[in-house]
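Let chain A serve as the given structure and place chain B on it in line with the hints.
There are 2 protein chains.
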Amino acid sequence: MKDKQLLMIPGPTPVPQSVLLAGAAPMINHRGPEFAEALEEVTEALKRVFQTRHDVFILTGSGTGGLEAAVVNALSPGDAVLSVSIGVFGDRFAAIAKAFGVKVEPLDFEWGTAADPEKIRARLAADNKKEIKAVMVTHNETSTGVTNDLAEIGPIVREHGALLLVDGISSLVAMDCQTDAWCLDLVVAGSQKAFMIPPGLVFIAINDRAWSAMEKASIPRFYWDLGQAKDYLARGQTPWTPAVPQVFQLRAALRILEAEGLQACFARHARQAGAVRAGVKALGLKMFAESSHASNAVTSIRKPDGVAVAALRKLLLDKYGVVLAGGQQTLKDEIFRIGHLGHVSESDIVATLGALGMALKELGGSVNPAAGVAATVEHLGGP
Amino acid sequence: MKDKQLLMIPGPTPVPQSVLLAGAAPMINHRGPEFAEALEEVTEALKRVFQTRHDVFILTGSGTGGLEAAVVNALSPGDAVLSVSIGVFGDRFAAIAKAFGVKVEPLDFEWGTAADPEKIRARLAADNKKEIKAVMVTHNETSTGVTNDLAEIGPIVREHGALLLVDGISSLVAMDCQTDAWCLDLVVAGSQKAFMIPPGLVFIAINDRAWSAMEKASIPRFYWDLGQAKDYLARGQTPWTPAVPQVFQLRAALRILEAEGLQACFARHARQAGAVRAGVKALGLKMFAESSHASNAVTSIRKPDGVAVAALRKLLLDKYGVVLAGGQQTLKDEIFRIGHLGHVSESDIVATLGALGMALKELGGSVNPAAGVAATVEHLGGP
Numbered sequence: 022m023k024d025k026q027l028l029m030i031p032g033p034t035p036v037p038q039s040v041l042l043a044g045a046a047p048m049i050n051h052r053g054p055e056f057a058e059a060l061e062e063v064t065e066a067l068k069r070v071f072q073t074r075h076d077v078f079i080l081t082g083s084g085t086g087g088l089e090a091a092v093v094n095a096l097s098p099g100d101a102v103l104s105v106s107i108g109v110f111g112d113r114f115a116a117i118a119k120a121f122g123v124k125v126e127p128l129d130f131e132w133g134t135a136a137d138p139e140k141i142r143a144r145l146a147a148d149n150k151k152e153i154k155a156v157m158v159t160h161n162e163t164s165t166g167v168t169n170d171l172a173e174i175g176p177i178v179r180e181h182g183a184l185l186l187v188d189g190i191s192s193l194v195a196m197d198c199q200t201d202a203w204c205l206d207l208v209v210a211g212s213q214k215a216f217m218i219p220p221g222l223v224f225i226a227i228n229d230r231a232w233s234a235m236e237k238a239s240i241p242r243f244y245w246d247l248g249q250a251k252d253y254l255a256r257g258q259t260p261w262t263p264a265v266p267q268v269f270q271l272r273a274a275l276r277i278l279e280a281e282g283l284q285a286c287f288a289r290h291a292r293q294a295g296a297v298r299a300g301v302k303a304l305g306l307k308m309f310a311e312s313s314h315a316s317n318a319v320t321s322i323r324k325p326d327g328v329a330v331a332a333l334r335k336l337l338l339d340k341y342g343v344v345l346a347g348g349q350q351t352l353k354d355e356i357f358r359i360g361h362l363g364h365v366s367e368s369d370i371v372a373t374l375g376a377l378g379m380a381l382k383e384l385g386g387s388v389n390p391a392a393g394v395a396a397t398v399e400h401l402g403g404p
Numbered sequence: 022m023k024d025k026q027l028l029m030i031p032g033p034t035p036v037p038q039s040v041l042l043a044g045a046a047p048m049i050n051h052r053g054p055e056f057a058e059a060l061e062e063v064t065e066a067l068k069r070v071f072q073t074r075h076d077v078f079i080l081t082g083s084g085t086g087g088l089e090a091a092v093v094n095a096l097s098p099g100d101a102v103l104s105v106s107i108g109v110f111g112d113r114f115a116a117i118a119k120a121f122g123v124k125v126e127p128l129d130f131e132w133g134t135a136a137d138p139e140k141i142r143a144r145l146a147a148d149n150k151k152e153i154k155a156v157m158v159t160h161n162e163t164s165t166g167v168t169n170d171l172a173e174i175g176p177i178v179r180e181h182g183a184l185l186l187v188d189g190i191s192s193l194v195a196m197d198c199q200t201d202a203w204c205l206d207l208v209v210a211g212s213q214k215a216f217m218i219p220p221g222l223v224f225i226a227i228n229d230r231a232w233s234a235m236e237k238a239s240i241p242r243f244y245w246d247l248g249q250a251k252d253y254l255a256r257g258q259t260p261w262t263p264a265v266p267q268v269f270q271l272r273a274a275l276r277i278l279e280a281e282g283l284q285a286c287f288a289r290h291a292r293q294a295g296a297v298r299a300g301v302k303a304l305g306l307k308m309f310a311e312s313s314h315a316s317n318a319v320t321s322i323r324k325p326d327g328v329a330v331a332a333l334r335k336l337l338l339d340k341y342g343v344v345l346a347g348g349q350q351t352l353k354d355e356i357f358r359i360g361h362l363g364h365v366s367e368s369d370i371v372a373t374l375g376a377l378g379m380a381l382k383e384l385g386g387s388v389n390p391a392a393g394v395a396a397t398v399e400h401l402g403g404p
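Protein sequences appear in the order of chains A and B.
Numbering-wise (our numbering), the first sequence opens with residue 22 and increments by one.
Numbering-wise (our numbering), the second sequence opens with residue 22 and increments by one.
Only chain A is shown next, with the shape it has when bound in the complex (with noise of 0.2 Å):
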């Protein structure tokens, strides 16, 4: 049965099949009618979704290319910024603006934990000439499933003054992310997460202060310029031809998601998440992410001793179709991850759990497989 696979992993995530076949719909003219048309629906309600009433864009690309854009269109060589990263992704935001020419001062937190809001106020009160000129934040951060404060984080930041440039590519839709009333000016997702789609566009939020630095950043951008993106969408279009099947399935599923309306769909990821948590922990393993900043996206498990991820991975995968994630870099043969955003029902992570605990237990680990599952439906089926 290797074509029945759950995809539980922190993206690409499962997509509906409504969706996939939106995406199946042949192509058309991307400076015609129909497309201006399809934009302008899938820009209002992407607004809504990253609950903001400035620009939102669409760029055709990978999440890190959206990172990209962001510094690019934000700031100049020479610019210092405050980092604060807390895994692999927040360390690839300030690879991306050191590889610009930005001057990155790291923030960073130990792994597994998040960044803690007063640390950032210290600093940033420290800097009494105002010369950091932005901090470059990872909302959820899917390398080690922890979610960083935002909503403490962002109006320190307005309170100094510099830009806060925010990773949101796997929070977006999965937890709530308030663009205006946090005071994020530039806000970066990406559609292979909880927005139910396949990979291969970027949404980009971007505010009046985000608007302003951009005229007068300096590091050359062309593919990227959030301009030239502003200018076209007045008109419709977009400036180069965009993945016309994902704006399509993308229309589909904000449609989808509209009709289960934002707080039902966080609800449900904080639900699911903590099914998961329970199973697992009723498995008696140990979570990699400190509990008060869990992931609702996406949940990070330290390996149990004597069983190795790859190993879990491989018996996963070929026995019961259940695909997770590992660790990234140095936490590789550390961790491994279990993804539940976007098209994940409550099956899907019972079905999880209860292959895990099996997986396991047929790896010699000590576990008791029927306590997992025992815990994600009790969790599930709680108040």
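A few of these clues could be false.
Pairs count within a copy or across copies, as identical chains cannot be separated in the list.
[Claimed, not checked] Pairs of lysine-lysine, DSBU-like flavour, derived with a Cα cap of 35 Å:
no., residue 1, residue 2
1, Lys237, Lys340
2, Lys340, Lys119
3, Lys25, Lys307
4, Lys119, Lys151
5, Lys353, Lys251
6, Lys25, Lys251
If you're looking for bench data, these hints aren't it; they were derived computationally from the structure.
Using the frame of chain A, we list chain B on its own:
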């Protein structure tokens, strides 16, 4: 019948139903074994399409992103390049280089004509100090429907020693492009043209000379870094999450193309382009492109007196469901264009010429619609 369209623009092009549905397959782990297998198959097939023994990479983005990748990987700020332009896309390539600080010397030819290889030879011969680091040229200029003679230009540039960077976005698969034999150092192609798949991917062929240049190239780069693409391809991956559906579609389309055979595919495009030109001439319309270099991918036609391009395109769309392209920039109201690349059948060509003749007559043009389709059919049925 608004949902029954003949999409006759130079991209996005019609996609075969089987290829559309290949993109509707469930998502998979882009860092797993199934994706690695697909990536290897398409990469090897692309090398045959590009007629190269060197590297080919698949990047997620629009064609313009591929041109940006060419610039930022091969060049340094202050490098002198000779930009051979015969239209909008040649100018765009130059604009990208300028945006990244490259010293661009334009060698422009009148729109509607091809680049004169002898003028390129003369300019390079005058460059005694070998200051020109690279020559940028468009293989098929989509905005004017003119194809440059790369088989002649390539060896001229190689003799001088400069790198040759080629925009092959709309040429690959529609016409012969012998990357290695013609001395092309870096060639960019786009998925939504003759490859018969939706937009979202760009393909880049790069040889050893371009790799050597890359080692010294100092324009900052991250997302488009081909060094990263090479490292990850060795593991069966792309550095950033790719547009997975388009990779599935590329596999399906390349299998169709390999079954047809590359030479047969070029011959099909040549025959159909000839049929379009025969029909257009029989309608008494004037070609915009010089006949010696008229493109086999797209035909540009001067608007007849007394007929507005916008009105013609609107009537063709509303009444006949035929989607043609207008002109771009200064050609906006001067020409219209018929795309005939990719998954276009002989019946599509006949239907398009029929609709064009009827629409022109309805708009008051002095044309004989029957003569147009007669000439088209005669050409298609010819030797």
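Each hint, compared with the structure:
For a Cα distance limit of 35 Å, the shortest separation of Lys237 from Lys340 qualifies neither inside one copy, at 56 Å, nor across copies, at 49 Å. With identical chains, the CA atoms of Lys340 and Lys119 are never at most 35 Å apart, being 44 Å at best within one copy and 55 Å at best between copies. Proximity of Lys25 to Lys307 under the C-alpha cut-off of 35 Å is restricted to the intra-copy arrangement: shortest distance 29 Å within a copy versus 57 Å between copies. Taking the shortest alpha-carbon separations for Lys119 and Lys151, both the intra-copy value of 20 Å and the inter-copy value of 33 Å come in at or below 35 Å.
Proximity of Lys353 and Lys251 under a CA criterion of 35 Å is satisfied inter-copy only: 21 Å between copies versus 40 Å inside one chain copy. Taking CA atoms no more than 35 Å apart as the test, Lys25 paired with Lys251 passes between copies only; the shortest distance there is 31 Å, against 42 Å inside one copy.
Checked against the numbered hints above, the structure violates hints 1 and 2; every other hint is satisfied.
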